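There are 2 protein chains.
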Amino acid sequence: MTEHNFPELKNDLFLRALKGEEVDRPPVWMMRQAGRYLPQYMVLRRKYSFFERVETPELACEITIQPIDELEPDAAIIFSDILTVPQALGIDVQMISGKGPVMGNPIKNEDDAFSILSEDVPEKLNHVMEAITLTRKELNGRVPLIGFAGAPWTLFCYMIQGEGSKNFDKAKSFLYQHPEASRHVMRELTSATIDYLNAQVDAGAQALQIFDSWAGLLSPDDFNEWALPCLMEITAAVKKDVPVILFAKGSWYALERLGFKSGAAALGVDWTIAPEFAREKTRNEITLQGNFDPSHLLAPIKEIEQKTKRMIDRFGTRRYIANLGHGILPHVPVGHARAFVDTVKNYRKN
Amino acid sequence: MTEHNFPELKNDLFLRALKGEEVDRPPVWMMRQAGRYLPQYMVLRRKYSFFERVETPELACEITIQPIDELEPDAAIIFSDILTVPQALGIDVQMISGKGPVMGNPIKNEDDAFSILSEDVPEKLNHVMEAITLTRKELNGRVPLIGFAGAPWTLFCYMIQGEGSKNFDKAKSFLYQHPEASRHVMRELTSATIDYLNAQVDAGAQALQIFDSWAGLLSPDDFNEWALPCLMEITAAVKKDVPVILFAKGSWYALERLGFKSGAAALGVDWTIAPEFAREKTRNEITLQGNFDPSHLLAPIKEIEQKTKRMIDRFGTRRYIANLGHGILPHVPVGHARAFVDTVKNYRKN
Chain A
3 MTEHNFPELK
13 NDLFLRALKG
23 EEVDRPPVWM
33 MRQAGRYLPQ
43 YMVLRRKYSF
53 FERVETPELA
63 CEITIQPIDE
73 LEPDAAIIFS
83 DILTVPQALG
93 IDVQMISGKG
103 PVMGNPIKNE
113 DDAFSILSED
123 VPEKLNHVME
133 AITLTRKELN
143 GRVPLIGFAG
153 APWTLFCYMI
163 QGEGSKNFDK
173 AKSFLYQHPE
183 ASRHVMRELT
193 SATIDYLNAQ
203 VDAGAQALQI
213 FDSWAGLLSP
223 DDFNEWALPC
233 LMEITAAVKK
243 DVPVILFAKG
253 SWYALERLGF
263 KSGAAALGVD
273 WTIAPEFARE
283 KTRNEITLQG
293 NFDPSHLLAP
303 IKEIEQKTKR
313 MIDRFGTRRY
323 IANLGHGILP
333 HVPVGHARAF
343 VDTVKNYRKN
Chain B
3 MTEHNFPELK
13 NDLFLRALKG
23 EEVDRPPVWM
33 MRQAGRYLPQ
43 YMVLRRKYSF
53 FERVETPELA
63 CEITIQPIDE
73 LEPDAAIIFS
83 DILTVPQALG
93 IDVQMISGKG
103 PVMGNPIKNE
113 DDAFSILSED
123 VPEKLNHVME
133 AITLTRKELN
143 GRVPLIGFAG
153 APWTLFCYMI
163 QGEGSKNFDK
173 AKSFLYQHPE
183 ASRHVMRELT
193 SATIDYLNAQ
203 VDAGAQALQI
213 FDSWAGLLSP
223 DDFNEWALPC
233 LMEITAAVKK
243 DVPVILFAKG
253 SWYALERLGF
263 KSGAAALGVD
273 WTIAPEFARE
283 KTRNEITLQG
293 NFDPSHLLAP
303 IKEIEQKTKR
313 MIDRFGTRRY
323 IANLGHGILP
333 HVPVGHARAF
343 VDTVKNYRKN
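Chain order of the listed sequences is A and B.
Note that this note's numbering has the first sequence beginning at 3, numbered continuously upward.
Note that this note's numbering has the second sequence beginning at 3, numbered continuously upward.
The set of hints was computed from the structure by calculation and includes no laboratory data.
Note that the structure is predicted; figures quoted are calculated from it, not measured.
Some hints could be false.
Intra- or inter-copy, both count: the list cannot distinguish identical chains.
Each computed DSSO-like pair below joins lysine-lysine, with the alpha-carbon atoms no more than 27 Å apart [to be verified]:
| hint | residue 1 | residue 2 |
| --- | --- | --- |
| 1 | Lys304 | Lys110 |
| 2 | Lys311 | Lys126 |
| 3 | Lys347 | Lys21 |
| 4 | Lys241 | Lys139 |
| 5 | Lys351 | Lys168 |
| 6 | Lys311 | Lys139 |
| 7 | Lys309 | Lys110 |
| 8 | Lys309 | Lys263 |
| 9 | Lys101 | Lys241 |
| 10 | Lys21 | Lys139 |
| 11 | Lys304 | Lys263 |
| 12 | Lys347 | Lys139 |
Taking the hints into account, I'd like the entire structure generated from these sequences.
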């Protein structure tokens, strides 16, 4: 591990909320805050392909810091993609405009599945570590930097289905038709993700988020069998002083287990989960992050302000990180995103 | 209303379960049971376009009865599509193979929205009524015939988005940007759906199902504001002696309200909802229908049998209709679908 001399952190609100400390107002950031709703991002998007942006540390760094300059949220998240890990495992990923990711060689059978091996993943994704180290320096301690990875179940979905899908029926069918081969893939993904996240920590990530975007496609029993064990193994193996946020979208039914068995410092919640429900299931003991409906950022600014305040009222200021319930939509006006961030920053208890 | 002399019903298990009567074993049917997994359906699919099949009463009748002949479930559901109502309201719907429905003239602005008017919907969809009357006769009382419609919120999603979508972001954005115009569309859809369902009853439908396939995209507050009032209005206006099943997919958070406020005879539940959770929220007073994960029909037959039995054990035999948690997938072997149906039919309380 390289020793870094990173600048001192000036805003530790986000890390304090993750530790459950008493704070004056909740920290705020937005999933996909480095994204298409920002005109300065669109300039780079027109110049460079998606993977050029991801794989060039200077570009990833610039893109990561754009929303920090523009909106001043309380955390930065490294600009990258969850599909970097499948790429490192030999899956060809193309990002097709208007369609999303498409895999050139999805897993089609048991042989394909058993050929997936987790080897040298951090080395293969060294550009991500470089981007993290550079960004951590360039941020100059303004806010903490979050690293991230996709959860094994969600990566499995893409690696089998070969593209985005409403129900990932091919991936789910493969799971039930080929449980042993599926288990092998999950194991390799888990191992790759552990190495990847720990390398991100070594490179300078101060917190980690795991995205299980398709958790909500599984029944509670299948989630327990297939998704949860991977998440538990990952959080247990991540370097101890770095907090992990688990965002298992749609897994309302697993909040209790995720909260008390996964070892996570915080849980992301989507907008279908009422704050009171999430607090009850996690007995008010776990930091929660979310859950503003991204579509509500298209509402008039007055309504965004009211709804944001109401959300904080309901979650409470302690053990809470204000965020959206999923990524920000591309056509949100910057002023609306700013209204969301500013409302949280101006929030005061009663 | 025409007077029909329909043949006497020989298997009333489904209707008895809807009334909450004590039964020896639960009734069973499968959403999309008239569909692509059946070779006899594929023969007609190759010969006729989707809307030829929907709009020709003899074809719709033949397709509706195919799974009854093949698998002998306890109910038939008329072969049709939820997008017939948008069509009757002037939306052009094309069914594109491999992509799903595409609207030629989606609602783009407030003027488009306010131009939507519910007029003569049953007359414009008379082919559906003819198909129902013909099928009811041809079924010869073997099993009851279910009519159906899409819920206003779900139809609104398609009419704005213009095609299927993971998150229907355009439709949701429109809702929050143009609430008055959206309310107008919902009102017209509600009124159209009431007329449509009552015409189906007059034509011979013995039960009705309302599909709110995209309910799960709304927050609980938005569901209460936008989706639930339409559902309540529809169930209240449907002819009294005909039971209504509400299937609001993904709306686990609304089970209690759907159960006790919607006026429905039964609720459909998807596979992310544990039977115990659904029973608790509906205080064991409402008939529940579901919730086998459609992907599990790709598992080996032994497992299908075990999982189906376990599902019934958990829901109980009373106030229960065995079904999938969503439509059957096209690539399920017929023998696997049969294993599901037969396991329910052979189930006995011990």
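A quick look at each hint next to the structure:
no., hint, verdict
1, Lys304 - Lys110, "between (50 Å within a copy, 24 Å between copies)"
2, Lys311 - Lys126, "neither (43 Å within a copy, 47 Å between copies)"
3, Lys347 - Lys21, "within (19 Å within a copy, 54 Å between copies)"
4, Lys241 - Lys139, "within (21 Å within a copy, 69 Å between copies)"
5, Lys351 - Lys168, "neither (40 Å within a copy, 37 Å between copies)"
6, Lys311 - Lys139, "neither (33 Å within a copy, 58 Å between copies)"
7, Lys309 - Lys110, "between (45 Å within a copy, 26 Å between copies)"
8, Lys309 - Lys263, "between (32 Å within a copy, 26 Å between copies)"
9, Lys101 - Lys241, "neither (36 Å within a copy, 44 Å between copies)"
10, Lys21 - Lys139, "within (24 Å within a copy, 67 Å between copies)"
11, Lys304 - Lys263, "neither (40 Å within a copy, 32 Å between copies)"
12, Lys347 - Lys139, "within (25 Å within a copy, 66 Å between copies)"
The structure fails hints 2, 5, 6, 9, 11 (numbered hints given earlier, in ascending order).
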